[in-house]
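Engineer: In the numbering used here, the protein residues as written are 66 to 613.
Since the hints were derived computationally from the structure, they do not count as laboratory data.
These numbers were taken from a predicted model, which means no experiment stands behind them.
Built from N, CA and C at the ideal position, the CB exists for glycine as well.
Take the hints with a grain of salt, since some may be wrong.
[To be verified] Listed below are the simulated EDC-like cross-link pairs for lysine to aspartate or glutamate, each with C-alpha atoms no more than 20 Å apart in a straight line:
(1) Lys459 x Asp508
(2) Lys248 x Asp232
(3) Lys248 x Asp264
(4) Lys73 x Asp134
(5) Lys326 x Glu313
(6) Lys516 x Glu478
(7) Lys91 x Asp102
(8) Lys317 x Glu349
(9) Lys237 x Glu184
(10) Lys94 x Asp208
(11) Lys317 x Asp217
(12) Lys237 x Asp217
(13) Lys74 x Asp232
(14) Lys527 x Asp475
(15) Lys357 x Asp334
(16) Lys326 x Asp262
(17) Lys317 x Asp339
(18) Lys308 x Asp134
(19) Lys325 x Glu268
(20) Lys516 x Glu492
(21) Lys459 x Glu499
(22) Lys316 x Asp334
[What the hints assert, rightly or not] DEER-style ranges, computed between Cβ atoms:
(23) Trp421 x Glu322: 27 to 33 Å
(24) Arg479 x Asp456: 17 to 23 Å
(25) Phe418 x Gln511: 26 to 32 Å
(26) Trp503 x Lys177: 55 to 61 Å
(27) Ser375 x Arg427: 20 to 26 Å
(28) Gln482 x Glu514: 19 to 25 Å
(29) Trp421 x Asn89: 25 to 31 Å
(30) Leu363 x Val471: 34 to 40 Å
(31) Asp475 x Thr206: 48 to 54 Å
(32) Ser375 x Arg479: 48 to 54 Å
(33) Ile278 x Asn89: 42 to 48 Å
(34) Met327 x Ala369: 47 to 53 Å
(35) Pro531 x Ser449: 24 to 30 Å
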Amino acid sequence: MEITVMPKKLHTWLLNWHKNRGSNVKNAKPSLYAKNDNGAYFKACLLSGPPGVGKTTTVQVVCNELGFDLLEFNASDTRSKKLLKDEISGLLSNKTVKGYFSGNAEAKPSIKHVLLMDEVDGMAGNEDRGGLQELIALIKTTDIPIVCICNDRNHPKMRTLANYVFDLRFQKPRSEQIRGAMKTLCCKENINISNDDLDRLIEATNQDIRQVINHLAILIGDNHGVKKNPGEKSSSKLNKDLKLGPWEVVKKVFTAEEHKKMTIHDKSDLFFHDYNIAGLFVQENYLSVIPKAPNSELLDRVAATADSLSLGDQVEKAIRSQTAWSLLPMQACYSSVIPGSLMSGHIASQINFPSWLGRNSRRGKFDRLLQEITAHTRLVTGASKEAVNMDYLKPLRDAVVTPLGVDGTDGIERSMQIMNHYHLLREDLDSLVEISLWPGDRDPMQSVESKVKAAFTRTYNKNSAPVPFVVKTTVSKKRGQASQDDGFVDDDEEGIDGSDVEDDDLDVDKMIKAKKSTSSATASTSKGQVKPPSKRGGSRGRGRGRGK
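Kindly produce the complete structure, drawing on both the sequences and the hints.
Structural biologist: Quick look at the structure:
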């Protein structure tokens with residue numbers, strides 16, 4: 066059964082952890098999609114999956130079986146950068162003394178212990194500031210296994226952590242698997258419940274094993290251990306309130322098995338889990354669905370789905386422009402219910418994030434850069450933003466870049482004349498190149514040597530002509546921190562918020578000003594030197610009266 070695959074992988078990884086950390090052992094980093102990876106390269110592992118599937122229990126059982134002592138830190142503990150660095154870092158190399166308290170006088174300190182960091186996707190806010198960044202640093206230098214657990218594997222913070230851990234993804238068990246285990250439990254606890262009632266209970270809790278056990282305890286609590294057929298009315302009161310992410314929503318929208326148990330209201334409710342982005346996810350992934358329909362109807366279904374999404378987009382435009390929020394149910398039908406019914410089947414590939422968001426962000430950036438170039442060159446060109454985009458960008462780029470690529474340093478003077486004539490800044494040249502390139506075009510700056518680029522920048526900084534506008538100054542940033550709009554994001558820092566990177570250092574806090582120490586006059590002047598008189602009062606003495 067696939068439900069036992071991840072516990073077995075965790076058992077194998079933990080069993081061979083110290084062997085794989087030997088001085089003579091060199092493990093190669095596996096590829097991203099390696100099927101038979103045993104995690105020998107990684108010092109930590111990440112267990113991810115929906116709540117109530119037994120992630121924490123699996124770690125406890127495996128550690129107990131292998132004889133590892135478990136040190137657990139969960140969401141109730143403060144896991145800030147300072148705490149992890151000062152206290153937990155010492156646990157990564159120390160021996161535990163648990164054996165001394167077990168009553169065995171011959172017990173020795175154990176080097177077999179595991180650090181468990183539960184709910185790492187919830188490490189945020191002031192209490193856990195910088196905790197995830199410090200956790201990654203501890204993983205690099207640890208001498209003991211580290212097990213991390215999270216619920217939301219798609220959280221941006223987890224993308225950074227995933228580069229340093231053995232990724233184990235727990236799937237939600239099927240209803241039949243849960244029913245078999247619960248029937249065994251009910252038999253041992255003398256609970257009489259029918260299969261239909263148990264199935265309704267499992268569906269009401271969204272296949273959460275922990276919730277099923279808790280609800281069974283609630284149902285039998287009033288009858289001293291025996292409850293006969295609680296019925297549909299009782300199980301319906303135990304429905305679990307769920308907040309689905311967009312990935313789970315789009316999967317339910319197109320999965321035919323899910324539609325068997327859903328009414329049109331249930332299908333419409335999927336859209337309202339996040340109506341701001343649900344339509345974009347449907348539009349991005351509907352072509353990846355293989356519908357349960359003859360191949361002769363496939364093209365017609367795709368065309369009808371595209372028409373429905375187009376109508377949903379028009380409805381959304383009316384909602385946003387006219388604040389007609391009463392039209393949201395109509396948008397749900399066009400953007401989610403109808404496409405899901407037409408393309409009902411199964412998704413054949415990975416669910417993709419809407420690419421429209423990235424393209425729209427890029428369009429906004431290009432529009433801002435084009436507006437700056439238009440404002441800088443308007444005194445010479447007198448053109449609008451559209452005219453600059455259509456008629457000036459490429460000729461102006463070539464007039465500046467071509468002399469640098471053909472003549473090298475000898476062409477710097479000609480390029481500087483163009484730059485000064487059109488009142489262009491050095492940053493405008495980079496914007497010209499970026500905006501004027503189409504997909505597949507070659508970057509003309511690649512033909513310019515690095516020394517020529519450096520010489521051109523130095524010449525511009527020294528000999529650039531005054532410009533007839535105010536140049537916006539940007540706030541200086543600490544070394545190593547670049548703007549994400551420029552695309553200079555380190556792979557190791559992707560997904561970590563800026564608030565997590567900052568340290569609690571008073572020297573870098575702009576809101577705290579330290580008082581400068583002032584030295585006394587006698588200490589500041591050297592021995593034998595006379596302190597110069599101040600302008601006010603001159604060389605007058607400190608007499609008591611005037612005129613004396």
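Engineer: Are the hints correct? Go through all of them and say.
Structural biologist: Verification of the supplied hints:
Taken as a hint, the Lys459 and Asp508 pair is honoured in the structure, with Cα atoms around 12 Å apart against an allowance of 20 Å. Under the criterion of a C-alpha separation no larger than 20 Å, the hint pairing Lys248 with Asp232 is inconsistent with the structure, at around 32 Å. Taken as a hint, the Lys248 and Asp264 pair is honoured in the structure, with Cα atoms around 11 Å apart against an allowance of 20 Å. The hinted pair formed by Lys73 and Asp134 meets the criterion: a straight-line CA distance of about 19 Å does not exceed 20 Å.
Proximity of Lys326 to Glu313 is assessed by CA-CA distance (about 16 Å); at most 20 Å being required, the pair is judged to hold. Simply put, Lys516 and Glu478 have alpha-carbon atoms about 15 Å apart, close enough for the 20 Å limit, and the pair holds. In summary, the hint linking Lys91 to Asp102 is supported, as the alpha carbons are separated by about 15 Å, within the 20 Å threshold. Between Lys317 and Glu349, the direct Cα distance comes to roughly 15 Å. Compliance with the 20 Å bound is thereby established for this hinted pair.
Under the criterion of a C-alpha separation no larger than 20 Å, the hint pairing Lys237 with Glu184 is consistent with the structure, at around 17 Å. Between Lys94 and Asp208 the CA atoms are separated by roughly 19 Å; this keeps the pair inside 20 Å, and the hint holds. Proposed proximity of Lys317 and Asp217 is supported: the alpha carbons are some 17 Å apart, at most 20 Å. For the given pair, Lys237 sits about 13 Å from Asp217 by alpha-carbon distance, which is consistent with the 20 Å threshold.
A C-alpha spacing of about 10 Å is found between Lys74 and Asp232, which places the hinted pair at or below 20 Å, so the restraint holds. The hinted pair formed by Lys527 and Asp475 meets the criterion: a straight-line CA distance of about 17 Å does not exceed 20 Å. Under the criterion of a C-alpha separation no larger than 20 Å, the hint pairing Lys357 with Asp334 is inconsistent with the structure, at around 23 Å. With a C-alpha separation of about 16 Å, the suggested pairing of Lys326 with Asp262 holds against the 20 Å cut-off.
The straight-line distance between the Cα atoms of Lys317 and Asp339 is roughly 14 Å, inside the 20 Å bound, and the hint therefore holds. A C-alpha spacing of about 35 Å is found between Lys308 and Asp134, which places the hinted pair above 20 Å, so the restraint is violated. Simply put, Lys325 and Glu268 have alpha-carbon atoms about 13 Å apart, close enough for the 20 Å limit, and the pair holds. At roughly 18 Å between alpha-carbon atoms, Lys516 and Glu492 fall within 20 Å of each other, so this suggested pair holds.
Straight-line distance between C-alpha atoms of Lys459 and Glu499 comes to about 11 Å, which keeps the hinted pair within the 20 Å bound. Our distance criterion of 20 Å between C-alpha atoms is met by Lys316 and Asp334, whose separation comes to about 14 Å. At roughly 29 Å, the beta carbons of Trp421 and Glu322 sit within the given window of 27 to 33 Å. Checked against the hint of 17 to 23 Å, the pair Arg479 and Asp456 passes, with Cβ atoms roughly 21 Å apart.
The hint said 26 to 32 Å for the Cβ distance between Phe418 and Gln511, and at roughly 30 Å that hint holds. In this structure the hint that Trp503 and Lys177 lie 55 to 61 Å apart at CB holds, the actual value being about 60 Å. At about 23 Å, the beta-carbon gap between Ser375 and Arg427 stays in the expected band of 20 to 26 Å. For Gln482 and Glu514, the Cβ-Cβ distance of about 21 Å falls inside the hinted range of 19 to 25 Å, so the restraint holds.
About 52 Å separates the C-beta atoms of Trp421 and Asn89, a value inconsistent with the hinted range of 25 to 31 Å. At roughly 54 Å, the beta-carbon separation of Leu363 and Val471 lies outside the given 34 to 40 Å, and the hint is violated. The hint said 48 to 54 Å for the Cβ distance between Asp475 and Thr206, and at roughly 53 Å that hint holds. The hinted window of 48 to 54 Å between Ser375 and Arg479 holds, with their beta carbons roughly 51 Å apart.
A beta carbon spacing of about 47 Å between Ile278 and Asn89 agrees with the range 42 to 48 Å that was offered as a hint. Roughly 20 Å separates the CB atoms of Met327 and Ala369, a value that falls outside the hinted 47 to 53 Å. Look at Pro531 against Ser449: about 25 Å separates their beta carbons, and that is inside 24 to 30 Å.
Checked against the numbered hints given earlier, this structure breaks hints 2, 15, 18, 29, 30 and 34; the rest are met.
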